[in-house]
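**Student:** Turn these sequences into a full structure, and let the hints guide you.
Below, each chain spelled out in residue letters.
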Amino acid sequence: MLVYIARRIVYVIPIVLSVALVCFMLVHITPGDPLVAILPADASQELANQMRAAYGFDRPLPVQFWLWLWKALNGDLGHSIATGRPVLTEVLRAVGNTVTLAIAAAIIGFTLGLFFGLIAGYFRGTWIDRVATSIAIAGVSVPHYWLGMVLVIIFSVELNWLPAVGAGPGGSSAWGWDWDHIRYLILPAVTTSVIPMGIVTRTVRSLTGDILSQDFVEALRAKGLRETHVFRHVLKNAAPTALAVMGLQLGYMLGGSILIETVFSWPGSGLLLNSAIFQRDLPLLQGTILVLALFFVFLNLIVDVVQAAIDPRIKRT
Amino acid sequence: MSAITDAALQAAPADKARGYWTTVGRRISRDKVSMACAVILALIFLSAVLAPWLGLADPYQGSMIHRLRHIATPGYPLGSDELGRDMLARLVYGGRLSLIIGILPVILGFLIGTSLGLIAGYAGGKVNTAIMRTVDVFYAFPSVLLAIAISGALGAGIVNSIVSLTIVFVPQITRVAESVTTGVRNMDFVEAARASGAGPFTIMRVHMLGNVLGPIFVYATGLISVSMILAAGLSFLGLGTKPPEPEWGLMLNTLRTAIYVNPWVAALPGVMIFAVSICFNLLSDGMRGAMDIRN
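Here the protein sequences come in this chain order: A and B.
Numbered per our numbering, the first sequence spans residues 28 to 344.
Numbered per our numbering, the second sequence spans residues 809 to 1103.
If you are wondering where the hints come from, they were derived from the structure by calculation, not from laboratory data.
All of these numbers come straight from a predicted model, not from anything done at the bench.
Glycine included, C-beta positions come from ideal geometry on N, C-alpha and C.
Careful: at least some of the hints might be erroneous.
[What the hints assert, rightly or not] Among chain B residues calculated to face chain A with C-beta under 8 Å, some are: (1) VAL945; (2) ALA948; (3) PRO950; (4) LEU953; (5) ALA957; (6) ALA1040; (7) GLY1041; (8) PHE1044; (9) LEU1045; (10) LEU1060; (11) PRO1071; (12) ILE1086.
[What the hints assert, rightly or not] Once the Cα atoms are required to be at most 25 Å apart in a straight line, the calculated SDA-like pairs of lysine to any residue come out as: (13) B/LYS934 / A/VAL37; (14) A/LYS98 / A/LEU326; (15) B/LYS1050 / A/VAL54; (16) B/LYS1050 / A/PHE305; (17) B/LYS1050 / A/GLN306; (18) B/LYS934 / A/ARG34; (19) B/LYS1050 / A/ARG307; (20) B/LYS1050 / B/GLU890; (21) B/LYS840 / A/SER161; (22) B/LYS1050 / B/ASN1070; (23) B/LYS840 / A/SER233; (24) B/LYS934 / A/PHE305; (25) B/LYS1050 / A/SER302; (26) B/LYS934 / B/LYS1050; (27) B/LYS840 / A/TRP154; (28) B/LYS840 / A/PHE150; (29) B/LYS840 / A/ARG157; (30) A/LYS98 / B/VAL945; (31) B/LYS934 / A/VAL49; (32) B/LYS840 / A/ARG151.
**Tutor:** Spelled out as structure tokens, the structure:
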């Protein structure tokens, strides 16, 4: 087991390095000089050169990469061009709000997904299956940013039950788990939850169906086990794969929150990314993407390790 | 003698392949859901292509006094947008750009990904490692984040949005193509082709492509739904199409400010994205079911 974990961790190192390389290159695939965006149009050549030297853009790319990486490893992602504050501070504060949103959405999406998936797989071919499958396919096909707008139209504009935008009193910095804050969380969380709900439903449905058609289930029933006990065996067999899919979905929710956060002005990493893109704040753009991608890589690592730990069928040597 | 055998050998798989696809075609034409989706998609495609000849209002012609009309206002069957332009015309014309930026990345990804996967799967060894480890890097990013990161760095624009989405789909299709190819590579008929002196290119093109294309194609069809949502999403964020072009994602964005005045008109472009996306998803499911002959 330990050997497996160690091997898996060693395998993460090249991935992390390449992720860093991609994030670094993002700034350099921009047409022209990264500084063009921030320099005033009438800047003199001299000033441009000074700025280039100050940011280190005059050095060869590989040198720049290693310097940037070394600083990043020491927790220095540079300073935001727009606000002048350290990028890491800005990103970490925003990520907290995104995590809040993702966890709330995960609770809704995974609970519903597991429920629909299990009953659809169990009652395969019946009307229950058809209803659950339709909900799932709608969940994965709906443009979630549009669903967010529709929910705002229904619950904020027409019914006036829930707030349309923001994260409650205190804005981005003072989140609390009380009704004054949670009412701001409901609509974005429900919107975020539809895709994972659909995907978990589809995965669990096909898993349950496959397991139920295996011989050992027949054997369990033949030996006189009650249906609830058979069900427990199905759960046990489906758990590792379902867990892996849910872990991946959590990662997608953390990293892909930009559209929903934009619709609801939710002050998380997605909204930060949005403002970084439109203010051409390249250090902030680079830093946010790096942090989110690393989150995703480590979440995948945890999922793999947990999956190996609970599934005796995976070889651990 | 040998010439006859050769001809027979070459004809046999071709006949069998045609038989398989005929069966698949017949199965899918009996599937009511798939057929309904195909009809809806065909209507949306046709109306987008034929938009100038449908007698619609000018999608660019605004009117300050006819702004944000409700649905079913005389002269405005689906209302008007924030600049008084006819919504029906804009939704139909919007299909042109929306479908192109949604589908083209998958087509490009399909072409590039299939080639890469086929090469990686057939060559094996170091070539495989080089291609597949590069693909792994892109899997380290959630796809929405990757698309937005690339488009955000490249700047707004239709071409940039197509490029960034293509970069998102190439690794996914490459992975599927590689795994299917690896499965086919060691089959007897490939060995036979190699023994009879066929070069790697001929083997890949003649003997393997037909066997791997089906599963990759179904996978790619499923991606169109995601691509439609993401492409419109990029425009929604302001990273794709630029105003005044009619495009569903961008229309959704500009109408967002109108949800307090005329909410249901503002939601219309999303209905189009949803319809196209769900139809492609159902069609892809139907195809997968039809191609699984064992059932």
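**Student:** Going straight from one Cα to the other, do B/LYS934 and A/ARG34 come out at no more than 25 Å?
**Tutor:** Roughly 21 Å separates the two Cα atoms, so the pair holds.
**Student:** Does B/PHE1044 pass the interface hint, meaning its C-beta sits closer than 8 Å to a C-beta of chain A?
**Tutor:** 6 Å, holds
**Student:** Return the status of the interface hint for B/LEU1045: holds when the least beta-carbon distance to chain A is below 8 Å, violated otherwise.
**Tutor:** 6 Å, holds
**Student:** Next pair to validate is B/LYS1050 with B/ASN1070; report whether the Cα-Cα distance is within 25 Å.
**Tutor:** 23 Å, holds
**Student:** Quick one, are B/LYS840 and A/SER161 close enough, alpha carbons at most 25 Å?
**Tutor:** With Cα atoms ~15 Å apart, B/LYS840 and A/SER161 stay inside 25 Å; holds.
**Student:** For the pair supplied as a hint, B/LYS840 and A/TRP154, confirm whether the alpha-carbon distance does not exceed 25 Å.
**Tutor:** 16 Å, holds
**Student:** Has the given pair, B/LYS1050 with A/ARG307, been kept, meaning a C-alpha gap of at most 25 Å?
**Tutor:** Holds - the C-alpha atoms of A/ARG307 and B/LYS1050 are around 18 Å apart, at most 25 Å.
**Student:** Mind checking the alpha carbons of B/LYS840 and A/PHE150 for me, to see if they're no more than 25 Å apart?
**Tutor:** Given pair B/LYS840, A/PHE150 holds - Cα atoms ~22 Å apart, limit 25 Å.
**Student:** Under the criterion of a CB-CB separation shorter than 8 Å, is B/ALA1040 in contact with chain A as hinted?
**Tutor:** 6 Å, holds
**Student:** Next item in the hint list is B/LEU1060. Is there a CB on chain A closer than 8 Å to its CB?
**Tutor:** 6 Å, holds
**Student:** Keeping to a limit of 25 Å between CA atoms, is the pair of B/LYS934 and A/VAL49 held or broken?
**Tutor:** Holds, because 22 Å separates the two Cα atoms, which is no more than 25 Å.
**Student:** Is B/LYS840 within 25 Å of A/ARG157, Cα to Cα?
**Tutor:** Holds, because 14 Å separates the two Cα atoms, which is no more than 25 Å.
Hint compliance for this structure: hints 24, 26 are broken, all remaining hints hold.
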